[in-house]
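Work the whole structure out from these sequences, hints included.
Numbering (my numbering), first residue to last: 1 to 103.
Since the hints were derived computationally from the structure, they do not count as laboratory data.
Even for Gly, the Cβ is constructed at its ideal location relative to N, Cα and C.
Be aware that one or more of the hints could be misleading.
[To be verified] Simulated restraints, written as ranges between beta carbons of each label pair: (1) Asp42 x Gly101: 15 to 23 Å; (2) Glu21 x Asp56: 15 to 23 Å; (3) Glu88 x Glu49: 15 to 23 Å; (4) Pro50 x Val86: 16 to 24 Å; (5) Glu84 x Gly52: 16 to 24 Å; (6) Val83 x Gln44: 23 to 31 Å; (7) Gly101 x Pro50: 16 to 24 Å; (8) Glu88 x Asp61: 14 to 22 Å; (9) Gly101 x Gly41: 31 to 39 Å; (10) Asp81 x Glu46: 15 to 23 Å.
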Amino acid sequence: MSESDQAAAAVSPTGPASSTELSHDEMVVFLRRILAEISEGDLQFEEIEPDGHLLDFGYVDSLRAVLLLARIEESFGVEIDDVEFVEELLTVNALARRIRGDA
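Put into structure tokens, the structure is as follows:
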């Protein structure tokens, strides 16, 4: 079973009820799936590096950043403002830590 398939099996389409239901690695997989979905085919799951800079690597632009943050809030109830995202949370790993409360 691929990493993406494992995440799909572990998480409902809208996400877990709580951000702590997933391990850090499972959260990273879930976030990579969200990025692939919102890219509308521009990115493949396997291309998204957990430590790649989300803006510099072209994983998100301003619209996709808004979609990503909305999806995080919808899935986990965690609100991340734009400034915090741009200044501190520019990798999938950093987002996963913040959502899980590890940051």
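Hint-by-hint comparison with the structure:
no.: 1; hint: Asp42 x Gly101: 15 to 23 Å; result: violated, 31 Å
no.: 2; hint: Glu21 x Asp56: 15 to 23 Å; result: violated, 31 Å
no.: 3; hint: Glu88 x Glu49: 15 to 23 Å; result: holds, 18 Å
no.: 4; hint: Pro50 x Val86: 16 to 24 Å; result: holds, 19 Å
no.: 5; hint: Glu84 x Gly52: 16 to 24 Å; result: holds, 19 Å
no.: 6; hint: Val83 x Gln44: 23 to 31 Å; result: holds, 30 Å
no.: 7; hint: Gly101 x Pro50: 16 to 24 Å; result: holds, 18 Å
no.: 8; hint: Glu88 x Asp61: 14 to 22 Å; result: holds, 19 Å
no.: 9; hint: Gly101 x Gly41: 31 to 39 Å; result: holds, 33 Å
no.: 10; hint: Asp81 x Glu46: 15 to 23 Å; result: violated, 30 Å
In this structure, the earlier hints numbered 1, 2 and 10 are contradicted, and the remaining ones agree with it.
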